[in-house]
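Chain by chain, the residues run as shown.
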Amino acid sequence: MPNATPAPTLASPDDSRQTARENARDQYLQRVDAHQSTCNDYPAWLQAIRASARARFAEIGFPTTRDEEWKYTDVAPMANLSVVAPQLNGISHQAPTLDSIAAQVFADLRLVFLDGHFAPQLSAIENLPPGVIVADLCDSLQHPAVQQHLAQYATKTEDDAFTALNTAMLGSGAFIYVPANVVLETPLQLLWLHSQELIGHPRALIVAERGAQVTVIETYASSADAGESVYFQNDVTEVVLGENASVDHYRVQLETESALHVGTLQVEAARDANFRSHSLQLGGRVVRHNAYAVMNGENIECTLNGLVLTHGAQHVDNQ
Amino acid sequence: MNTILEIRDLHAGIEGHEILRGIDLTVNAGEVHAIMGLNGSGKSTLAAVLAGREEYEITRGEVIYKGRDLLEMAPEERANEGVFLAFQYPVEIPGVNNTTFLKAAYDAKREYHGQEPLDAASFLKLARERIKSVEMDNEFLKRSVNEGFSGGEKKRFEIFQMAVLEPQLAILDETDSGLDIDALRVVAEGVNKLRSDERAFIVITHYQRLLNYIVPNFVHVLIDGRIARSGGKELALELDERGYDWIKTEAGAEAV
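These protein sequences, in sequence, are chains A and B. In case it helps, my numbering puts the first sequence at residues 26 to 344. In case it helps, my numbering puts the second sequence at residues 884 to 1139.
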């Protein structure tokens, strides 16, 4: 129920904060429940993952600055955000063309998502080596690697409300799979574009099997339409590296200066694996970036580089 | 045929636990022998025993290197006689300069062979020339040993050291583990440049891909401290595709 029990007449400031926090959580739960499936078919195992994540988010709610991990960042702007009802079933504005988004395109091989939906007309996934998959998660739910790895790391390792929220909304997303010993020389870009006021939950799963090699550039930006609108991107990227795999990862955050962004990178690496990540935080009004790596074996090399360029009232928090 | 190394029924262990259980291997000059095996099969133990690590106890067998009893020789003597080990996990030694370190090893060898140490300028020239073969910058020569080197840089630096010391028996212990494809190519090229009729290589590897670039004459599979099977380079490919179980089964059947 959206309305909590009425507050006592002489409400202390703590109580009103509590109610506001509960309200924020409940509003997001409504969005989770109203969220139409973006995939045609949701297998039972995925439904179970979503339900479990929803329950977790319902239980813990949004963090406050009294939580150690969030002491530098007040999440009220994200939690209390109200947007015009999102158009989940299509693109409401004039569809961007390749020309109009040229400034955000960095690679010849790319998956483009517009307002959370896979945009095949803006993507380019030709001439992939045999066995390599670069596709929408919705189209890949039968793949053994998705069943084995999706949501097995981010939600299990870190007890985080934003990760739980993203997982509760699991649907369309990026799935990149490189089979054993395959080297994908061409860099691959994942471009997440917002064109309007929206709350989005970009999701990516990158699996590099034993000895595989790939370079992935994640880009978060707005198309020309977004303008000054306030929008919130809450993204989760899981990267799984097999033995002796090598992944170069870039996160380029080019949001507008009114945007809100929470991003989580979760890496799981096996022995002899090599992971190099470079994060560039250039936009956003309130930005939180989490980077976690689990090194599950000997001789693993994991580099997490970051660059933050801010001015004015921009707030960027890296953990 | 110039036999550089002969291992006969070598048994070795550590802290009472036997790891090598009867290794027989003959390596001739000009040959590249690849040794593959799962974790715990004894690959690194073999390398350590050949290089002279003291923690390992030799319980049986012998190792003849250029006609001499290798196991009787101290590690530094083995090095001066031309044995080189490229470490699996090269150690950082802050405060010890790379060039000083390498020159000390280089001069020790010269002295052992009755030669004068090389003058600093000539050595530096030699080092700068050889470091090109592993595509590393001269700047690395100014740093402390392996300090701040990435995994790939450490492995390439091992090959550079080998290029300077010009050994007769080079043992590469999992040099390819953790390398991306570009670093792997550089390492392989560096090794291939050093292949000659006078030199022999033992390449210990966990992954088959290196052997596409450093093509071996022989491949040996180590299982439970013994060479369970030997073959040509096709054996490595077969292992990569089929795993190790089929060899274990056949080895078990033969033992019965």
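You may find that some hints are simply not true.
Quick list of in silico lysine to aspartate or glutamate cross-link-like pairs, EDC-like style, CA-CA up to 20 angstroms [stated by the list, open to error]:
#1 B:1037 <-> A:253
#2 B:949 <-> B:889
#3 B:1037 <-> A:326
#4 B:1037 <-> B:1012
#5 B:1116 <-> B:1128
#6 B:949 <-> B:938
No lab work stands behind these hints: they were computed from the structure.
Any of the earlier hints contradicted here, and which numbers?
1 and 6
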